[in-house]
Amino acid sequence: MTSEQYKSHNRKTLFIKGSYAVFPLILAVIPWGILAGSYALEAGLSAWESQAMSAIVFAGAAQLIAVGMIKSGIGLSTILLTALLVTSRHFLYGLSMRSQVSPLPLKWRLSLGFLLTDELFAISNPEQKHPFSPWYALGGGLSFYIGWNISTCVGIIAGHNIPNLHSLGLDFAIAATFIALVVPTIKTRSTLICVITSLLTSVFCALLNLESGLLIASLTGMSAGVFSAKVFGESA
Amino acid sequence: MNWLVILLLAIVVVFSRYIFLEPRLPLRLSDRALHFFRYSAAAVLTAISGPVVFVHDHQLALSTENTYMICACVAVALAYLTRHTLLTTIISMGLFFIIH
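Quick mapping for you: the protein sequence lines, in order, are chains A and B. Using numbering that gives the first Met the number 0, the letters of the first sequence correspond one by one to residues 0 to 235. Using numbering that gives the first Met the number 0, the letters of the second sequence correspond one by one to residues 0 to 99.
Mixed in with the good hints there might be a few duds.
[Said to hold, decoys possible] The calculated SDA-like cross-link candidates involving lysine to any residue, where the alpha carbons are at most 25 Å apart (straight line), are:
#1 A:Lys-106 / B:Ala-9
#2 A:Lys-186 / B:Leu-85
#3 A:Lys-186 / A:Ser-98
#4 A:Lys-11 / A:Leu-103
#5 A:Lys-11 / B:Leu-6
#6 A:Lys-16 / B:Leu-6
#7 A:Lys-229 / B:Arg-31
#8 A:Lys-70 / A:Gly-59
#9 A:Lys-106 / B:Leu-26
#10 A:Lys-70 / B:Val-13
#11 A:Lys-229 / B:Ala-32
#12 A:Lys-106 / B:Leu-85
#13 A:Lys-70 / A:Leu-105
#14 A:Lys-11 / A:Leu-26
#15 A:Lys-186 / A:Ala-157
#16 A:Lys-16 / A:Ser-132
#17 A:Lys-70 / B:Met-0
#18 A:Lys-70 / B:Ile-10
#19 A:Lys-16 / B:Thr-81
#20 A:Lys-186 / B:Val-13
#21 A:Lys-70 / B:Arg-31
#22 A:Lys-70 / A:Lys-11
#23 A:Lys-186 / A:Leu-199
#24 A:Lys-106 / B:Leu-24
#25 A:Lys-106 / A:Phe-14
#26 A:Lys-229 / B:Leu-85
#27 A:Lys-186 / A:Ser-132
#28 A:Lys-106 / B:Tyr-17
#29 A:Lys-11 / A:Arg-108
#30 A:Lys-106 / B:Leu-6
#31 A:Lys-70 / A:Leu-103
#32 A:Lys-16 / A:Phe-131
#33 A:Lys-6 / A:Lys-70
#34 A:Lys-186 / A:Leu-218
[To be verified] One-sided excerpt, in silico: chain B residues whose CB lies under 10 Å from chain A:
#35 Leu-26
#36 Leu-28
#37 Ser-48
#38 Gln-58
#39 Ser-62
#40 Thr-63
For the record, the hints were derived by calculation from the structure and aren't laboratory data. All C-beta atoms in this analysis are idealised placements derived from N, C-alpha and C, irrespective of residue type, glycine included.
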């Protein structure tokens, strides 16, 4: 193989590896995509608008919450502020990936930025086994995007025939995949402390009905991680 | 009106995802900051899952009747033993939908 051929072969392999890594997350999100489609229709959006939510906004939680608010006739500024709060965890992802993504050309930054979901971050974050590769991330991100949009489309076509998906306990699917992703990354005591702290704080905030609980719990967990690394004398 | 909401939502979301990936943003992360952000995946993903598993109807659900908790424990054990994401997801979800 010439070096050019080798490079393109390597890209393809990385792209496919990324798609493979995100596959379990696509499975878990299919019911949510269906829900996002049928719920948007139910809230009074047209079929095109419902699909556009997934195609342009491409943010599960923010989408569902915004659609719920449109349905209840809540004002634009409140919708946007809530969306900003829900989506604020992406600031953390951007900061975490800054050293790897910001040196890349604009088209890479924009593509990966647009595709940067919880799921993409989870498979390409620095704690994973593989060194960061844009092709790997693109494979994962794009596959997830397609999966999310196809399942939304199914939801729109099925429309009101969807039974009450909430009662089926679909939220467990998300929890299960996140557990499956986080547990293997716990390799140091400080990461374990971080996870336990984040877990306790998130449950506590949820019991208090705090809207910003996710952010508070994440930052508390991260601080606990850094602090305990210092206490345990782990190298930074 | 709906199109305006969709467009503005998209701007908010893309902004939050892209802003720190922009090299012209005058921000240099110190080693300490990078160390801090190394914990972000574990912390955020846990903070999303925690309430799903342990909080139902605004109350702490720690009884053995909480299928979410039982299946989450199974998922933790499977993930720890196998380190296989797909296997863990499929088995724990399957178990959940059987007993839920």
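Now the hints, each set against the structure:
no.	hint	result
1	A:Lys-106 / B:Ala-9	holds, 18 Å
2	A:Lys-186 / B:Leu-85	holds, 20 Å
3	A:Lys-186 / A:Ser-98	holds, 22 Å
4	A:Lys-11 / A:Leu-103	holds, 19 Å
5	A:Lys-11 / B:Leu-6	violated, 33 Å
6	A:Lys-16 / B:Leu-6	violated, 33 Å
7	A:Lys-229 / B:Arg-31	holds, 11 Å
8	A:Lys-70 / A:Gly-59	holds, 17 Å
9	A:Lys-106 / B:Leu-26	holds, 21 Å
10	A:Lys-70 / B:Val-13	holds, 23 Å
11	A:Lys-229 / B:Ala-32	holds, 14 Å
12	A:Lys-106 / B:Leu-85	violated, 31 Å
13	A:Lys-70 / A:Leu-105	violated, 37 Å
14	A:Lys-11 / A:Leu-26	holds, 23 Å
15	A:Lys-186 / A:Ala-157	violated, 44 Å
16	A:Lys-16 / A:Ser-132	holds, 11 Å
17	A:Lys-70 / B:Met-0	holds, 13 Å
18	A:Lys-70 / B:Ile-10	holds, 21 Å
19	A:Lys-16 / B:Thr-81	holds, 19 Å
20	A:Lys-186 / B:Val-13	violated, 32 Å
21	A:Lys-70 / B:Arg-31	violated, 44 Å
22	A:Lys-70 / A:Lys-11	violated, 43 Å
23	A:Lys-186 / A:Leu-199	holds, 20 Å
24	A:Lys-106 / B:Leu-24	holds, 17 Å
25	A:Lys-106 / A:Phe-14	holds, 16 Å
26	A:Lys-229 / B:Leu-85	violated, 34 Å
27	A:Lys-186 / A:Ser-132	holds, 22 Å
28	A:Lys-106 / B:Tyr-17	holds, 12 Å
29	A:Lys-11 / A:Arg-108	holds, 19 Å
30	A:Lys-106 / B:Leu-6	holds, 21 Å
31	A:Lys-70 / A:Leu-103	violated, 40 Å
32	A:Lys-16 / A:Phe-131	holds, 12 Å
33	A:Lys-6 / A:Lys-70	violated, 50 Å
34	A:Lys-186 / A:Leu-218	holds, 20 Å
35	Leu-26	holds, 8 Å
36	Leu-28	holds, 6 Å
37	Ser-48	holds, 4 Å
38	Gln-58	holds, 7 Å
39	Ser-62	violated, 15 Å
40	Thr-63	violated, 16 Å
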